[in-house]
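With the hints as extra help, turn the sequences into a complete structure.
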Amino acid sequence: MEEMILDALRPDLEEAEFDALALGLLRAQAGSNPVYRNFLRAACFESSMAGHWKEFPALPVEAFRSGPVCCFDHNEAGLVFETSGTSGKASGRHYLKNGRCYEKALATGFRSFMPDLSGHRWISLVPSFALRPHSSLAYMIRHLAGEIPRLFPVEFVVDGDFVLDRVKCRRLLETAVERGEKVALFGTSFALAQASEFFLENGLVSRLPEGSVVFDTGGYKGRHRELSPEELIGLLVDAFGFSEKWVWNEYGMTELSSQGYGKLEEGRHRFPPWLKVRVVDPATGTEAGLGQRGLLHFYDLANIHSVMAVATLDTGIREGDAIRLTGRLTGAPVRGCSLPFDL
Amino acid sequence: MNTLERIRLASAFFSNERLGFRGESDLLTLLESELGSVDILDRPVKGPQDVWMQAVAPSEIYHVCASNLDVSAEMSLMLGMILGSRLVFKLPSAGLPGFENKARESGEAFGLSVECLHSHDPQRMREADAVVVFGSDETVQMIRLQTRPDRRFLAYGNKISVGLVFPGTAGAELAEKAAWEVAAYEQLGCLSPQAYLCPDFHEAEIFAEQLAAALEKREEEQPSPSRDFEQEALIFEARQRALLRGNRLWGAREHRPWTVVLRQDGFLETGPGHRFIQVIPGSDWESILKPWKGKLSSISLSDIYLGRRVLSAIGNLGFSRVCGVGELQEPRLCWRHDGRPRLADLVTWITLENKQ
Numbered sequence: 001m002e003e004m005i006l007d008a009l010r011p012d013l014e015e016a017e018f019d020a021l022a023l024g025l026l027r028a029q030a031g032s033n034p035v036y037r038n039f040l041r042a043a044c045f046e047s048s049m050a051g052h053w054k055e056f057p058a059l060p061v062e063a064f065r066s067g068p069v070c071c072f073d074h075n076e077a078g079l080v081f082e083t084s085g086t087s088g089k090a091s092g093r094h095y096l097k098n099g100r101c102y103e104k105a106l107a108t109g110f111r112s113f114m115p116d117l118s119g120h121r122w123i124s125l126v127p128s129f130a131l132r133p134h135s136s137l138a139y140m141i142r143h144l145a146g147e148i149p150r151l152f153p154v155e156f157v158v159d160g161d162f163v164l165d166r167v168k169c170r171r172l173l174e175t176a177v178e179r180g181e182k183v184a185l186f187g188t189s190f191a192l193a194q195a196s197e198f199f200l201e202n203g204l205v206s207r208l209p210e211g212s213v214v215f216d217t218g219g220y221k222g223r224h225r226e227l228s229p230e231e232l233i234g235l236l237v238d239a240f241g242f243s244e245k246w247v248w249n250e251y252g253m254t255e256l257s258s259q260g261y262g263k264l265e266e267g268r269h270r271f272p273p274w275l276k277v278r279v280v281d282p283a284t285g286t287e288a289g290l291g292q293r294g295l296l297h298f299y300d301l302a303n304i305h306s307v308m309a310v311a312t313l314d315t316g317i318r319e320g321d322a323i324r325l326t327g328r329l330t331g332a333p334v335r336g337c338s339l340p341f342d343l
Numbered sequence: 001m002n003t004l005e006r007i008r009l010a011s012a013f014f015s016n017e018r019l020g021f022r023g024e025s026d027l028l029t030l031l032e033s034e035l036g037s038v039d040i041l042d043r044p045v046k047g048p049q050d051v052w053m054q055a056v057a058p059s060e061i062y063h064v065c066a067s068n069l070d071v072s073a074e075m076s077l078m079l080g081m082i083l084g085s086r087l088v089f090k091l092p093s094a095g096l097p098g099f100e101n102k103a104r105e106s107g108e109a110f111g112l113s114v115e116c117l118h119s120h121d122p123q124r125m126r127e128a129d130a131v132v133v134f135g136s137d138e139t140v141q142m143i144r145l146q147t148r149p150d151r152r153f154l155a156y157g158n159k160i161s162v163g164l165v166f167p168g169t170a171g172a173e174l175a176e177k178a179a180w181e182v183a184a185y186e187q188l189g190c191l192s193p194q195a196y197l198c199p200d201f202h203e204a205e206i207f208a209e210q211l212a213a214a215l216e217k218r219e220e221e222q223p224s225p226s227r228d229f230e231q232e233a234l235i236f237e238a239r240q241r242a243l244l245r246g247n248r249l250w251g252a253r254e255h256r257p258w259t260v261v262l263r264q265d266g267f268l269e270t271g272p273g274h275r276f277i278q279v280i281p282g283s284d285w286e287s288i289l290k291p292w293k294g295k296l297s298s299i300s301l302s303d304i305y306l307g308r309r310v311l312s313a314i315g316n317l318g319f320s321r322v323c324g325v326g327e328l329q330e331p332r333l334c335w336r337h338d339g340r341p342r343l344a345d346l347v348t349w350i351t352l353e354n355k356q
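First to last, the sequence lines map onto chains V and D. First residue of the first sequence? That's 1 in the numbering used here, and the numbers climb one at a time after it. First residue of the second sequence? That's 1 in the numbering used here, and the numbers climb one at a time after it.
The set of hints was computed from the structure by calculation and includes no laboratory data. Quantities reported herein were computed from a predicted structural model and do not represent experimental measurements. Ideal placement from N, C-alpha and C gives every residue a C-beta, glycine not left out. Don't take every hint at face value.
Using C-beta positions, here's what the derived DEER-type ranges look like [stated by the list, open to error]:
1) V:Gly160 <-> D:Phe153: 38 to 48 Å
2) V:Gly146 <-> D:Gly318: 50 to 60 Å
3) V:Phe45 <-> D:Pro225: 28 to 38 Å
Residues from chain D that keep clear of chain V, each with C-beta distances beyond 12 Å, as calculated [to be verified]:
4) Phe14
5) Val56
6) Asp150
7) Glu176
8) Glu237
9) Pro341
10) Lys355
Structure, rendered in C-alpha cells:
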C-alpha cells in the first residue's frame, strides 16, 4: 500500500485513482488504527459497507491530543511531530512510521504550487530542525532545503524559541539588497510580523530585489496580536519592499502530511490532488453547497500510517478548486448566565 | 413615587411567571426579608439598639448584560425600578430587542431614567454607584478591573446546573420534565441542565433513551428555533468529541435538533447548549461534580424527599438551589442568585443614633 500511495503523490493524480486508494486506505485504517476504529464504532459506522471515501467520518483533530493515533506501535515511529499546545490545551502528537510519504507530499506540493526558488537566498524565521526536533515546520524547511536545488544555503535567523537574531537577519538582508539577490523569507505569521516591526521601528527598512518571496506558514500562537492578512502584507511591504503578489501562505497542520498553498492577498488555498477537502455543513453532516460556509474535513492520502480523514475546527468556503478560510471555531463556552460579553 | 407605589407598579408591569413571583405580596416579602421593612428606602425605621436605620439605593446602577439571555437583564430592570435607581444597561452588540422596548416602557412608567448602551462606556461605569455584570469569568475580571474599588460590584459569572436521578425513579414522566427544562431558553443559561447524573448504570441507559424520546416529543410541541452556523458547528463538534470518547449518542446520526449523550467515560463537560444533554452514570456522583465546585448553580432532583439525605453533600459542592426535575428554569424570586441577596447587596445604610 505504501508504494502505491507514494506513487499517487503526484500532480497528475486522477480522481478515480484517488477514490480507489482513499477507499482502500480508509478501510484499512478502520481496522488497524484503534482510535479511528473505536470512533467509527461509536458512530455506528460500518466501514465494509462504505462504497466511497466521502462516507467515512473524519476523526476529530482533538484525538491527536489524547494519545497515539496510528496504525503501528507508536514506539516504532520514525518521526514524531508535536503541536505547539497553545490556547491552554495539551499538545498533540502526530506519529509517522517514516518520513517517506510526508516528504514526497511536501516536496511535490511545494514544487507544484510555489514559484521556482532555487535562485533565491533562503532565510528562515523558523528554527532549525536541530533546535526543534519535533516541529513539523522545522522539518519542512530542512526537507525542502534538501530537495530544492539552491544557489545558497538556508540561513536560520531565529533560535529555538523563535527569538530573532537581529544582527544576522539585518546583515543577510543588506547583503541581498547590495548584491541584488532575491530572498525567500520563511516564517510563521507572528515571526514575520515581529521581524517586520523590528525593522520598521528601527528604521532599517530595506528594498529587497523584485521577485523576493515570503512563505508565511501561518499562526500567531498568542505571541503577537492576530493581524489580518492585509495588515501582515502591509508590514512586509513596508519593512522589506516585498510585492504583495509574492507573499505566499501555506495551510498546514501537524496532524496532516500534506499542505495547501495560496497567495495571502487572495485568501484562498489550493491543495494537491491527493488531499481532498470536504466542506461540511454542520447541520446535516453533508457537503456544504458552493459559497456556503462549512467545517473543513481533510482526506490526506499521505497520512498513510495515522489517519487519512481528519476533522478540523477550521471553517471555510469552497470557491472553485480552492478553499477560502473563514476562521476557526473557538470551542464551546462554559455555561453561565452569559455567553462572552463583547465590548 | 415611594417604594410601595413602585412595588405595586412592578407587580403589574413585569411578568410574574418569568421572574418567579406571584404578585405584589411576593415583592413585598422580598423587600421585607432582605431589607427588614417596606418603608426603609423612604424613611428611617427603628432598628436594634434603639437606633434608626435607612437603606439608601444606588443613585445609578450600570449593568453589563449577557448576550444569550434577556431574562437576567429583565430581573435587573425590575429590581432597579423597585429601588428607584437610574439604570444603565450595556447591551450585547447583537442587542436584546425585546428587552430594549421593555426598558424604555418601564422608564416611562416609573418615571425613572433607563438607558441602553450598545457600546461599553467605562467612564460612565466608573461614575455609577453600583455595577452588575452578567458574563463569562473573563468578562467579569475585565469589568472588575475597570470598576472603582469603592463601588459596589456584583458579578454573575460562569455557572452550570445539573440534575440527579435517584435509583428507581427514572421514567417517561420524569424524562418529559427533564426535556422541558433542557429545552427552556435553548439551554443557554446558568439554570439550564448540562447533565443528569444517574447513580445506577443500567437506569442511566434507560433514562437516556427516555430522555431522547422526550426531547423528540418536545420538538413537536416546542420546535427548536433556527440556529446559526456557529451554533450548529459547536453542536457538531461536541457530538464528534463525544463519539471520540466512545460515548453513545442519540439524535446525532439522524441530525435531530437535540442530542443525548450517555457519558460512559464518567466525565461532566459543558455542552454547546441547544438541547445537548448528557446522562452520566456513576454511583459516586459527588466525585463527578467535585471538579466543578464553585461553578455549580442549581440541581434538580428526581425525588425531593430522597434528596433530603444528600442535602449536605449538595451544599458542600456549592449549589445555591435545589428543586425538582422540571423546575430548574423557574426559580422563585426569593432564591439568592449565586447565594447572594438580590437587593441587600445593592443598598448602603445610614444609622441614626441618639443617646438622649
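Handout entry: Broken hints, by number
Key = The structure conflicts with hint 8 only, although it agrees with all the remaining ones.
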